[in-house]
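Just so you know, full-length UniProt numbering puts 90 at position 90 of the sequence shown, and the rest follows in order with no gaps.
Derived by calculation from the structure, the hints in this document are not laboratory data.
Here a beta-carbon is modelled for each residue, glycine too, at the ideal position from N, C-alpha and C.
Be aware that one or more of the hints could be misleading.
[Claimed, not checked] The calculated PhoX-like cross-link candidates involving lysine-lysine, where the alpha carbons are at most 20 Å apart (straight line), are:
no., residue 1, residue 2
1, K229, K56
2, K190, K167
3, K190, K214
4, K221, K190
5, K235, K221
6, K95, K49
7, K95, K56
8, K159, K95
9, K214, K227
10, K190, K165
[Said to hold, decoys possible] So the derived label-pair ranges between C-beta atoms look like this:
no., residue 1, residue 2, range
11, Q196, L156, 37 to 45 Å
12, H198, Q96, 41 to 49 Å
13, Q222, R171, 33 to 41 Å
14, D161, H226, 46 to 54 Å
15, T6, A193, 41 to 49 Å
16, N186, Q96, 37 to 45 Å
17, Q211, E157, 23 to 31 Å
18, P30, Q211, 40 to 48 Å
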Amino acid sequence: MKKTHTTISCHILSATLITPNMRRLVLGGPNVNAWLANPEVHSPSAWVKVFPEGIKGRAYTIRQVDLNQSTITLDFVLHDHDQQVNHRSVSSWAKQCQAGDAVNIAGPQNGGFQIADETDWVWIGADLTALPAAIRIIESLDQHIQVSALFIVDSLEDKQDIANKCKLQTRWRTLAVRPDLLADRNILIKDIATLQGHGQVWLAGEARWTQSWKQYWLTQKQLPAHKIKSQGYWKLGEMDYRD
1 MKKTHTTISC HILSATLITP NMRRLVLGGP NVNAWLANPE VHSPSAWVKV
51 FPEGIKGRAY TIRQVDLNQS TITLDFVLHD HDQQVNHRSV SSWAKQCQAG
101 DAVNIAGPQN GGFQIADETD WVWIGADLTA LPAAIRIIES LDQHIQVSAL
151 FIVDSLEDKQ DIANKCKLQT RWRTLAVRPD LLADRNILIK DIATLQGHGQ
201 VWLAGEARWT QSWKQYWLTQ KQLPAHKIKS QGYWKLGEMD YRD
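Kindly produce the complete structure, drawing on both the sequences and the hints.
See the structure below:
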């Protein structure tokens, strides 16, 4: 049976700047309770498409759902370049919207990450745009899973607390995005060397950066391709990139 993904109207209950470059919106409304009955919302990397009025929609990971309060939490990276080029985008809308404003969302969609029964460890690489998805995945993992995570952020003030149950090691870095840059390679390779047993990799962010890491895991570590989930959220120098 083909799955259906519903578009609903919501309104913003709260808008909070959680770090200098990320704003959190909590959405609610009379349509949300029934929408949350879709089991896909519980997928660790589930996403929705956000449609502010008059603006082309874009996909965002669900950061949290609250079934008791019937709310959906989404985190938005605030891109300064949208303002510089007078570009109407979901990001520019998220920077300016206020509690009470209306917005449509469509979904949910399963983001494709699933932990395998035999998995002992997960390596995660994410830039700021993929941070909400990465954190939600980490928070979903059981305590016996070892996680090593590399986060590339605009500023170290963009670091966030993670409510993890798993064994977690994080590296937070601020670096210019280059396709050939593996960010403190020696330290990271030492981290990777500590991962023992069966593993999985999850990568998301700038397209060339994620591709370089994917090739590292395929060629240098010889990890099977089906153990790597990689997604380019955006591409340096390209507007409205779609992977």
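Verification of the supplied hints:
Between K229 and K56, the direct Cα distance comes to roughly 26 Å. Violation of the 20 Å bound is thereby established for this hinted pair. A hinted pair counts as satisfied when its Cα atoms are at most 20 Å apart, and K190 with K167 qualifies at roughly 17 Å. With a CA separation close to 18 Å, the supplied pair K190 and K214 stays within the 20 Å bound. Distance check on the hinted pair: K221 and K190 sit about 13 Å apart at the alpha-carbon level, within 20 Å; holds.
Under the criterion of a C-alpha separation no larger than 20 Å, the hint pairing K235 with K221 is inconsistent with the structure, at around 25 Å. A distance of roughly 17 Å separates the Cα atoms of K95 and K49; the hinted pair therefore holds under the 20 Å criterion. Between the alpha carbons of K95 and K56 the distance comes to roughly 16 Å, so the proposed pair stays at or under 20 Å and holds. Restraint check for K159 and K95: the C-alpha separation of about 19 Å stays at or below 20 Å, so the hint holds.
For the hint linking K214 to K227, the alpha-carbon distance of about 10 Å falls within 20 Å, and the restraint holds. For the hint pairing K190 with K165, the CA-to-CA distance comes to about 23 Å; that exceeds 20 Å, so the pair is violated. Hint check: Q196 to L156, Cβ distance near 30 Å, so the stated range 37 to 45 Å is violated. One distance hint, 41 to 49 Å for the beta-carbon pair H198 and Q96, holds here, with the actual separation near 46 Å.
Under the hint 33 to 41 Å, the C-beta atoms of Q222 and R171, about 23 Å apart, miss the expected range. In this structure, D161 and H226 break the distance hint of 46 to 54 Å, their C-beta atoms being roughly 32 Å apart. For T6 and A193, the hinted distance range of 41 to 49 Å is satisfied, since their beta carbons lie about 46 Å from each other. The supplied range of 37 to 45 Å is met by N186 and Q96, whose beta-carbon atoms lie about 43 Å from each other.
Our hint of 23 to 31 Å for Q211 and E157 holds, since their Cβ atoms are close to 28 Å apart. Between P30 and Q211 the beta carbon distance is about 43 Å. The supplied range of 40 to 48 Å therefore holds.
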